[in-house]
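Q: As a plain string of letters, each chain reads:
Number of protein chains: 2
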Amino acid sequence: MTPPFEYAAEHRERFVRQLSDWLRIPSISTDLAFKNEILRAAHWLADDMRRIGLENVALLETGGHPVVYGDWLHAGPDKPTVLIYGHYDVQPAVMEDGWTNPPFEPVIRDDKLIARGASDDKGQVMIQMKAIESLLATGTCPVNVKYLIEGEEESGSTNLTRFINDHKALLKADLCLISDTGIRSADQPVIVYGLRGILSMELIVTGPKRDLHSGAGGNIHNPAQAICEMVAQLHHPDGSVNVRGFYDRVNTLSDQERVLLNRADDTDAEWEAYMGDLPVWGEPGYSRVERRGARPTLEINGLASGYAGEGFKTVLPARAIAKISCRLVPDQDPKEIFELVKARIAELTPPTVRVELKMLDYGYPAITPVDHPATQAAVRAYAAHFPNEPLYARGGGSIPVVADFQNLLGLPVVLLGFALPDSGAHGPDENFSLTMFARGIDTVITYFDEVASLTA
Amino acid sequence: MTPPFEYAAEHRERFVRQLSDWLRIPSISTDLAFKNEILRAAHWLADDMRRIGLENVALLETGGHPVVYGDWLHAGPDKPTVLIYGHYDVQPAVMEDGWTNPPFEPVIRDDKLIARGASDDKGQVMIQMKAIESLLATGTCPVNVKYLIEGEEESGSTNLTRFINDHKALLKADLCLISDTGIRSADQPVIVYGLRGILSMELIVTGPKRDLHSGAGGNIHNPAQAICEMVAQLHHPDGSVNVRGFYDRVNTLSDQERVLLNRADDTDAEWEAYMGDLPVWGEPGYSRVERRGARPTLEINGLASGYAGEGFKTVLPARAIAKISCRLVPDQDPKEIFELVKARIAELTPPTVRVELKMLDYGYPAITPVDHPATQAAVRAYAAHFPNEPLYARGGGSIPVVADFQNLLGLPVVLLGFALPDSGAHGPDENFSLTMFARGIDTVITYFDEVASLTA
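Going down the list, the protein sequences come from chains A and B.
For the first sequence, the tail end lands on 471 under this note's numbering, and the numbers increase by one without skipping.
For the second sequence, the tail end lands on 471 under this note's numbering, and the numbers increase by one without skipping.
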């Protein structure tokens, strides 16, 4: 073992203790009542950055919760600069959600460190911190590094796009590295080289000026019925999206990419674990894994109208709401897709109700080609520390900031994630495998070495 | 003025005070927390019954909230017996629903007594009580009367059908009189001679075993989408119900009945008051008033799936619910209609989701012909105290107990209602017109006279 790996192995227990200390701070970004905890968590991180030798460490104002920044730029001007992104804020968590232990009192059970934020994302940020610590404490780092750890990821990274735009010089780099995703199993890493964009919308259908007694029914186009009639026509019977132009800008999958992607398809057992014996549904002509990562979707995320609680109320509802989102793939543009959906909704609107479609939020899709040197460096780094070569996947979810790094800073983005499928992110008993924590630190150390050999 | 009318006029303020006292008791039947208030309201009524000279007054056990019973049977065996039905329970009410005054602290504003239950149904029960009081206090009553005032109307009269079945001898009568409906305006009474039946159902569509992150979308037939696709096919594009056999047992309207009914159609101004400029919708070939009272419907009363609150959640919902009800007309049978809807749902169920249709409740439609002597007596009673002759209407709503009185006791049922269209039943600022309260008492006194002249 070379010195940085030795150092990481020797200090492993301390690393876990430090992570536990950080996890004790309930840095919930979605609730202003936790503003002080957010600041405590940011200062905790900044202190650790200073202690391990990062420079220019500062809490930078964003308009919301601060960004924690630190860098080390002494690898030399001919060496690449890696911009590392992560977040120190966490999802809310209360015992009532089903935790077996208070969410902000970390405990270790078997190989798992259980606490809110353990895997999403404090544990993975700590991997990045402890990798650079291990390098600097035993000599030097082969690449220049800049850390941008934000405090608003769980509340939509509201201020980050503007922050990136305002700090282009500070954030100048050759590639962006993010540890905020998962792998397939402890033995099977996955390179997530693409993420879908998102467009979220609200469809509001109104009829009578107020809820009526349903005994009045017979003359009124019930908004709950009308919204169903409209929503039902947003897909073709075959499962493809029935919005004119929706697929126009979707990049075609090459045969090579399809082969790569399909190596990582769900097993039937995985499918059954969450779907039971229900058959697969979806756009014809594509496999499960293609539909989930490389094809766009239109989903209904919520419906509400009238009374739907226990029992029954004789209400003819005045309004009905559907929350609708599209997951988008390169080169779809969320703003353009919104206009297409809006046009389709207009087409479907009967004269007997009033209809409004609102855009709620959006984020662009992102992709770093599998043959990009920064991606291939990640493949080699994973391969060095895991029993199996990594698989390739395109993530079905969205991390809108990834597209910002690509589009605003022109950086390839590499997702080097270490969370296991049972890490419970956003749910009760969130946890992080201590084996993955250690293996992650080693993988990042190797990744920096692999990147150093690339042309800056 | 004859003595009973004089008595009613003289004691009017006291009648209103008594009604107000009764309205102060929040006898909410849908919430067990109010069980004591229900009992207080029942005892209050029983005490008033005894005070005014009714006999055999008792709170009768039903298995749920008690029925308040009282009678006066001294008109003679050759005189008809009128069974009077009403209810002393009320809908829930809280300030947050938009009340301008605490709902259980009655106030008088202009001509209105404002409180939960003012028109539905305590105010109208008090009309019945004060009519018999005015008669007995000034002499005698020309008919025999039996009062059956229940405490579970707002929670579906759950126990009343069995209670009626178990007390056929006690409830033996010649006709049933109910004041629990409305009229068209202060000057325009309406004879509601028919009521629709009801069948309420819950449609549950499930997919994944638990809610998934919507980033997983693409392979799963989203239950929120599937329920929309199914619900959308429960009507034909023309607005008629798309359930095989649904209309098979519907009685044809005679030309004479259509003429009578259409005299009481909405004015355009009335339509616009609650629908604005939206056009009328519904089954082709029928007028507004026919569709609302004499034709059956299928309505969506509630929808729920995923997250539909403020903002957006990236959820692919595991289940979706629709509350669905049919309003039924003679001779549709709710149990048979349930089977027809179930068969249609089975037809519409795709293989990619799980679907369940549950019956929640039902009640039979009811009708008393317009030329029935008991109906014509009501026409004359209204005409005696209102500026205009009554119109004829079939109610769109359902009072399932009406069908029970018809079917179990073999009684013609007369609805002698006095609530104005703006009485706000089930809504905020429910109120009862004091003019209608007084006019109602007079009308009932006259009705008893009219009925006395019919053959027992």
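Wrong hints could be hidden among the right ones.
One copy or two, it doesn't matter: identical chains are merged, so the pair holds either way.
Said to hold, decoys possible - Subject to a maximum C-alpha distance of 27 angstroms in a straight line, what follows is the list of computed BS3-like cross-link-like pairs (lysine-lysine):
no.	residue 1	residue 2
1	K373	K357
2	K357	K224
3	K328	K50
4	K357	K328
5	K350	K328
6	K357	K187
7	K350	K50
No wet-lab data here; the hints were simulated from the structure.
Q: Each of the hints needs a verdict: does it hold here or not?
A: Here is how each hint holds up against the structure:
1. K373 to K357: within (9 angstroms within a copy, 35 angstroms between copies)
2. K357 to K224: within (24 angstroms within a copy, 32 angstroms between copies)
3. K328 to K50: between (39 angstroms within a copy, 21 angstroms between copies)
4. K357 to K328: Between copies only: 20 angstroms across chains, 32 angstroms inside a chain, cut-off 27 angstroms.
5. K350 to K328: Between copies only: 19 angstroms across, 39 angstroms inside.
6. K357 to K187: Neither. Shortest intra-copy (38 angstroms) and inter-copy (63 angstroms) distances fail the 27 angstroms Cα cut-off.
7. K350 to K50: Neither: 32 angstroms inside a copy, 55 angstroms across copies.
Hints 6, 7, counting from the list given before, are not met by this structure.
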